[in-house]
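Start from chain A and add chains B and C according to the hints.
Protein sequence lines correspond, in order, to chains A, B and C. Positions 1 to 251 (the working numbering) are the ones given, in order, by the first sequence. Positions 1 to 290 (the working numbering) are the ones given, in order, by the second sequence. Positions 1 to 320 (the working numbering) are the ones given, in order, by the third sequence.
Accuracy of the hints is not assured; some may be wrong.
Now the in silico label distances, taken between C-beta atoms and shown as ranges [as the list claims (entries may be wrong)]:
(1) C/L131 to B/K182: 51 to 59 Å
(2) B/K182 to A/G222: 37 to 45 Å
(3) C/V19 to B/K91: 39 to 47 Å
(4) A/M204 to B/L82: 48 to 56 Å
(5) A/A119 to C/L304: 26 to 34 Å
Just a few of them, taken from the derived set where beta-carbon distance is under 8 Å, the chain C residues facing chain A [to be verified]:
(6) A178
(7) D185
(8) R190
(9) V194
In case anyone wonders, no lab produced these hints; they're calculated from the structure. Beta carbons: idealized from backbone N, C-alpha and C, even for Gly.
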Amino acid sequence: MTYALECKKINKTFGGLNALTDINLQVTEGEILGIIGPNGAGKTTLFNIISGALPPTKGEVFFKGRGLSGMGAPKICRLGIARTYQLVRPFHSLTALENVLVGLCFGRSDPPPREARVAEAMGILEFMGLGGRENKASESLTLVEKKHLEIARALATTPDILLLDEVVSGLTPTEMTRTIDTIRQIQTRGVTVIMIEHVLRVVMELCKRIVVLNYGVQIAEGSPRDVVSDPKVIVAYLGKPESDDKIGQVT
Amino acid sequence: MLPDLIQLLVGGILLGGIYGLAAFGLSITFGVLNVLNLAHGEFLMLGALMGYVLFTALGLNPFISAIAVIPIFIIAGIGFYLLLLKPISEKPPHQLLVASILITLGASLVIEDLTAFFWERPVTGIAYSLPSLDLAGVVVSSTRLLILLFIFFLAFSLQLYLKKTYIGKSIRGITQCLEGAKVVGIPIVLVSALTFGLGVALAASAGVFYVTLFTVTPVMGIPLSVKYMCIVVLGGLGSLVGSVVGGLILGVAESLTAYYFGAEWSPTIAFILLILILIVKPEGLFGTKE
Amino acid sequence: MNWIQKKPFYFIVILLLGVLAALPWLAVSYTLTLVFFLSVYLTLALSYDIVGGYLGYMNLGHSTSFGLGAYTTAILLNHGFSLILALGLAILLAAAFAAIVSYPLFRLRGAYFALATFGLISLIEVVVTNLRDLTGGSGGISTPPGNNLLPAYYLAIVVVLGTMVFSYYLARSQFGLALFSIREDEEVSRSFGVPTSLYKCLALVISSVPASLVGGVYVWNMTYISPHSVFGLEIALSPIVMAMLGGTGTMVGPVFGAIFITLVQEFLWTKVPYFHLTMYGTVLVLLGLFMPGGLVRTQWVRPLVQRLGLGEEIEYFKKS
Chain A
1 MTYALECKKI
11 NKTFGGLNAL
21 TDINLQVTEG
31 EILGIIGPNG
41 AGKTTLFNII
51 SGALPPTKGE
61 VFFKGRGLSG
71 MGAPKICRLG
81 IARTYQLVRP
91 FHSLTALENV
101 LVGLCFGRSD
111 PPPREARVAE
121 AMGILEFMGL
131 GGRENKASES
141 LTLVEKKHLE
151 IARALATTPD
161 ILLLDEVVSG
171 LTPTEMTRTI
181 DTIRQIQTRG
191 VTVIMIEHVL
201 RVVMELCKRI
211 VVLNYGVQIA
221 EGSPRDVVSD
231 PKVIVAYLGK
241 PESDDKIGQV
251 T
Chain B
1 MLPDLIQLLV
11 GGILLGGIYG
21 LAAFGLSITF
31 GVLNVLNLAH
41 GEFLMLGALM
51 GYVLFTALGL
61 NPFISAIAVI
71 PIFIIAGIGF
81 YLLLLKPISE
91 KPPHQLLVAS
101 ILITLGASLV
111 IEDLTAFFWE
121 RPVTGIAYSL
131 PSLDLAGVVV
141 SSTRLLILLF
151 IFFLAFSLQL
161 YLKKTYIGKS
171 IRGITQCLEG
181 AKVVGIPIVL
191 VSALTFGLGV
201 ALAASAGVFY
211 VTLFTVTPVM
221 GIPLSVKYMC
231 IVVLGGLGSL
241 VGSVVGGLIL
251 GVAESLTAYY
261 FGAEWSPTIA
271 FILLILILIV
281 KPEGLFGTKE
Chain C
1 MNWIQKKPFY
11 FIVILLLGVL
21 AALPWLAVSY
31 TLTLVFFLSV
41 YLTLALSYDI
51 VGGYLGYMNL
61 GHSTSFGLGA
71 YTTAILLNHG
81 FSLILALGLA
91 ILLAAAFAAI
101 VSYPLFRLRG
111 AYFALATFGL
121 ISLIEVVVTN
131 LRDLTGGSGG
141 ISTPPGNNLL
151 PAYYLAIVVV
161 LGTMVFSYYL
171 ARSQFGLALF
181 SIREDEEVSR
191 SFGVPTSLYK
201 CLALVISSVP
211 ASLVGGVYVW
221 NMTYISPHSV
231 FGLEIALSPI
241 VMAMLGGTGT
251 MVGPVFGAIF
261 ITLVQEFLWT
271 KVPYFHLTMY
281 GTVLVLLGLF
291 MPGGLVRTQW
301 VRPLVQRLGL
311 GEEIEYFKKS
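Only chain A is shown next, with the shape it has when bound in the complex (with noise of 0.2 Å):
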């Protein structure tokens, strides 16, 4: 079977650090899927590579089927494939409305007409609670209004896989609610997700599989119960109970 996106054997080395080791991922079309691991486990590294922005030392990444291999970041999000970032980034003097605006302009491979184009970015933005916001500068919205914004502008570029990086992180309970929410309904409209997170309780909620990383392996994988109760995932958060100065970071 053809799965939305695929990973076989990604590894990735920077000088003598490896940042993933043998990394092998299955996605299927439609499912929220959920990357944990303490920081530094290389969660991020895998997004950059499935994005375009890095390319892997070994390995390929496969989109319904198609090797990306030598494509640049430009090309596979225009192919389907969208991400947030866990620092914000979003072009800081541009407004709302600019940003959601490159992404819905550059980011399709059949962009709509230019008339059609304002009333398409504000109904995103609508979507994701920035309706009276359009015309202030990103870098001037607050941190939930900009972590919303992330989300627009990748999902102005209509992806079929949208990558989030800790997308809650920062937010207070009543607002990760909302958030929770919102990746619910873009899930029913055909998103396939993919979510690293450190805060579990969304994870929980959201994922149906989990996949866990730690220094670059992967060491985990299955359902939010087992991974959770998966003896080798609480060693890498918490360390083994005897050695106290080993302590992971856990939300």
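Showing chains B and C alone in chain A's frame:
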């Protein structure tokens, strides 16, 4: 034929050593400040002028002058940094770029213009005869050789300094990770100012050697800054060794070009090398990709 | 913005255009020459800002296009080509040069790009000077004499107005949006589909067109140029200072800057014949320290510009 070639190579290496020393200084300042100092060439010019003045007024030989200018220019560099560069150091990247180019370019123009004025417009060439210190070798002037050795010694001791001393390590710390350096408690402003001072002092020192061999004009600063930038890119952004090697390569290339094609073409060689390295290996000879 | 509110603005613009058109009858030839030079510099400032301000790559070597345009036009005029053909070919040559040179140069960022492009000017100057037979070397080159001030004046006005209009619409176009996105964050821009390498090259080529065109008009009027006059420090830096002083990244910024500096030069330069470079340099330093956004983003000018509907790009360069 061969003796000519050796003479050329030695001359080229010597020139390259001077370039490399100054480029070394530029690399250090870039690593810490993330800002390419367009005024770097001006400090070489000022160092050269100071070397000239010290020789004619006090009879100081260039080796001593080269050392003497270092503390003077460290202080001048610190002042320059605190006054002009520290105020903009916290800006976001693109604004930092624009502001730093404006400031360092403006400073270059001011330094050039004022120097030209006090050194009697129009431009005065300053020729400087070698001090009668050493026994002359057969093919190679031993004074030149001494200068070259001295430069290498200077560069080498600098590398040691950067690797071993607290200040040196602080500089490298800031270069590699600013946030981490702050967390660890390194006094950023102090170290940055000191680094900048060190960087321009190296340029001034190189300038003293420069004036023993060539004429110096007040307007040579900006073309020199461009050359240093070419060297730093050639050698590899972030690589100190690369800057020295890049300087050597350029020096030899300029010598050879001047001999075979005529002196009027040698200013172009820096740029041609730049374009070549950008096409072939954009991160530079010793640079790393990511 | 309201049509009725815009009426006085349109009225002023039409009045200004009328004055410019009638200037030959209203003023002496010195004034004409002044406006001519202002037009040349403003065209250079506006075209510089397409790459320097919209794209965010400070192309300090912008005057290379100007010089190439001037020399090509001069050589072609001397070989009997008509003005239109000479200008057309000059533009093509400068554009081709920009396209070729963009390939290695855009691998540099920030200050490295700025210095490399700046070095390009001297490189071309050396090449031009050394090709003595073609270009007359350091002695310069003359074109067929003729009193071209009047037509050159009108031509220059047309070019600068055209460049202003073009710059205005570019900032509001899809391509302009792409350029801004590259300026703000090139890597992110790529992840959202913008073909950055292609667009950067296009921007450089586009910016070379007004510059080379106005270079040709310049030499046609002056009937003589030397390497120094077209590749020198003054013609290289003044337009850039104008663009930055006025406000980089906007269409009106360079306009403000050009008018301001031309006026200052007119009244100050002749009274104080020394230290021109020092003054320039000091202005640059002060700009960098206190006002990198330029005049149009200061609290006095900003509201005026925004009210005229010219201020979308003003959000760029917040005070931090």
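**Prompt:** Where does the structure disagree with the numbered hints, that is, which hint numbers, in rising order?
**Reply:** The structure conflicts with no hint, since it agrees with every one listed earlier.
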